[in-house]
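> Now for the letters of each chain:
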Amino acid sequence: MNIDLSNMTKGLRPFRARPGARRELEGLPRALLLIITLISASTLLMVAGFLIFNSVPAFRSIGLAEMLLGTSWDPTSHIRAAFGMLPLLAGTFLVSILASLIAIPVGIGCTIYLAEIAHPRVRAFLKPAIELLAGIPSVVYGLFALLILQDWLAGIFGLSSGYVALNGGIILAVMMVPIMVTLSEDAIASVPRELREAAYALGATRWETMRSVVLPAALSGIVAAIILSIMRAVGETMAVLMAVSQTPLLTLDPFSGVQTMTATIAIEMGETAVGSIHYSALFAVGTVLFIITLIMNTIADLVMRRFSEAYQ
Amino acid sequence: MSRRSREKLYFALFRGCGALVVMALVTIIAYMLIGGIGAIDLDFLTEPPRASNTRGGIFTPLIGTLYLMGIVAAFAIPVGVLSAVYLVEYQKQGRMASFWRIVVANLAGVPSIVYGLLGLGLFVYFLGFGRSLLASGLTLGVLVLPIIIAAAREAIQAVPPSVREASLALGATKWQTVRHHVLPYAMPGILTGVILSLSRAAGETAPILLTGVAFYMSGTPGSVFSQFMALPYHIYAVATQTISGMSGNLMVYGSALALLALVIGMNIVAIVIRKRYREKYRW
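Listed in order, the protein sequences are those of chains A and B.
Offset between the first sequence (1-based) and the numbering used here: plus 612.
Offset between the second sequence (1-based) and the numbering used here: plus 172.
Calculated from the structure, these hints are not laboratory results.
Source: prediction; values computed, not measured.
Hints may be right or wrong, so weigh each one.
Said to hold, decoys possible - Chain B stretches covered by chain A per the calculated footprint, using a threshold of three residues with CB under 8 Å from any CB of chain A:
1. 191 to 197
2. 269 to 278
Claimed, not checked - Calculated lysine-lysine pairs in the BS3-like style (CA-CA distance at most 25 Å, straight line):
3. A/LYS739 x B/LYS180
4. B/LYS346 x A/LYS739
5. B/LYS346 x B/LYS264
A virtual CB, placed ideally from N, CA and C, is assigned to each residue, including glycine.
My request is simple: use the sequences and hints to build the entire structure.
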C-alpha cells in the first residue's frame, strides 16, 4: 500500500526555527544560576572570613600560644582576665569522648541489626523511627537531660548534682546514634551482594559473613559515619549547655562539671561588649571550633571517597 | 561455643542495641507527652506567655518560630534549589565539581553556634540588621542551605538521562528541559529536603540566641527588624529560669511538646512524601 505522505503534512505550517528568541534566553539562566551557586558557596568563605576577622584582635592582644595553651578561662575576672582555651578544649573533648564511648558500640550494633538481622517489617518501622530521633531539636534533648536524666544519674552514682560531664555525654550519645546508623547502614547496604553470596557459599554463618566479609568491606564508610557523628557531638550547643553545669575546669573527670567551647560562646556572647577583647576571644573560640570541624570533615570525606571508589 | 550459638549470642546483642535506640526515642517522647499534655489546649496555643513565662500560653514564641520559618523558606529554598540545578545540570564534571561537593559537605558540618557567630558578625553588625527577626532568619537560612542543596542535588541526579535526552531531541533548550522535565520529576525529592530543612530551622536554638531572640516580648514582632520570641529558645529560657517550680515545668513540657509536634509532624510528612515518590517513579 502506498501512502502519500505529502498529503499528511499539507495543512501544517513549515517549522521555522527562531534561533534568536530561545537561544538568547539560554545564557541567562546559566549565568543567574552560577551567581546563585557562588552566593551559597561563598557562605563557607564568609564564615571563615568573619570568624578570622573578628578573632584577630584577641589573638593579637593575648597571643596565640597563651590563648590555645593557657590553662585558665576566666574572661570576666576583675584582677586579671584569662583567655586560655585549654579548659574549653578539654570540656568539649571530655563530653565528646564519653558520648562516643557509648554511641559507637551501640550505633554499630544497631546498624548491624538494622542491615542484616531485622525482619523487613521491623526495618520498615525502625528506619523512620531512627530518622525521627535525628530530627528531634537539640533543645528537647537538653530539656530531657536537664530535668530527668541528671536526676537518674545523681541517684545511680550518689552525686549531689547530676549536671556532670557524663550527663552531657549520655545525651550527646543519644543524638549521635541516629546519624551514625543512617550513614553506616548506607555503607553496609552498598557492599556488593556477590561478596556475601561467596561467603555463604563457602559455608560461613551469617555472623561470620558479617564479621569477616561485609564489615571489613564497609569499614571506611562506617569510619566516616563515626567521624561525622562525633562532629555532631563536638558542635552541639544547647544539649550540653543544659545538661552540664558550665564550669571551665581543666579536668577529664566524668563526674565534674565542665565547659564546652560551644556553650562558652552561647553563654558569654550576651554579656560582652561588641569589639571588646572578650567578644573577640569568643570569635577565636569559634574559629578553633570551625577549624576542628573542617579537619574532621575533610578526613571523613577522604575516607568516604576511598570507600566509594572501592565498590563502584 | 559452637558457631551457631556464637551467632545467636552476637545477634541478641545487636537486637539489644536496636531496642536501646528505640527505647531512648520512646522514653524522651513519653516524658514530654506525660509532662506536657496537661498544658496543651486551645488557650495554650493562642495566649501569650504571662508572669515571666510561668503562665499563659506560647502564642508569641510560636508565631516567632513560624515567621522565622517563613524567612528561611524565602531565602534558602530558591538559593538552595537553584544552586543544586546549576551543580547537576550545568557544572561540568571535573575538578570544579569536586570542589563544590567538598564546599557543600563542609558547610553541612559547621556547628550551628558558628553559624550564629557568622550571623552576629555579618547580619547583625556588618549589614546593620541589628538583633532582629531578619538577622536570625537569614542565619538559619544559611545554616539549612547545605541540607537543601544536598537533597535537591540527589533528587535531580536521580532523574534518568533518558528524560533529558528525549526533551533535547524534541528541540527543547537546556533550560526548558530543566524547567519542564527535570524539575517536575525531582520535585517530591526536593520537597522532602525542603520540609526537613524547615523543621531543622524551627528547632535550632544556638544561632538565634546570638542573633536576636528575646526572653520576653509583649507582642508578636511588628517588623523584620524587631526582636522576637521563638519556641526553642522559650523552652531553654523557661527551663533554666531559677523560679520555675511546678507551673514552670508544665509550661516547659507543654512548649517542648508543641515544638516536638511541629518538628516531628514535618518529618513524618517528609518521610511519607519520599515513600510515595519512591513507589510512584521506579525508573
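> Next, verify each hint and record whether it holds.
Now the hints, each set against the structure:
Given a C-beta distance limit of less than 8 Å, the hint that chain A covers the segment 191 to 197 of chain B holds, as 5 residues qualify and 3 suffice. Beta-carbon proximity to chain A at under 8 Å applies to 6 residues in the segment 269 to 278 of chain B; the threshold of 3 is reached and the given coverage holds. About 23 Å separates the Cα atoms of A/LYS739 and B/LYS180, which keeps this hinted pair within 25 Å; it holds. Of the supplied pair hints, the one linking B/LYS346 and A/LYS739 is violated, its CA atoms being roughly 38 Å apart against a limit of 25 Å.
Our distance criterion of 25 Å between C-alpha atoms is met by B/LYS346 and B/LYS264, whose separation comes to about 14 Å.
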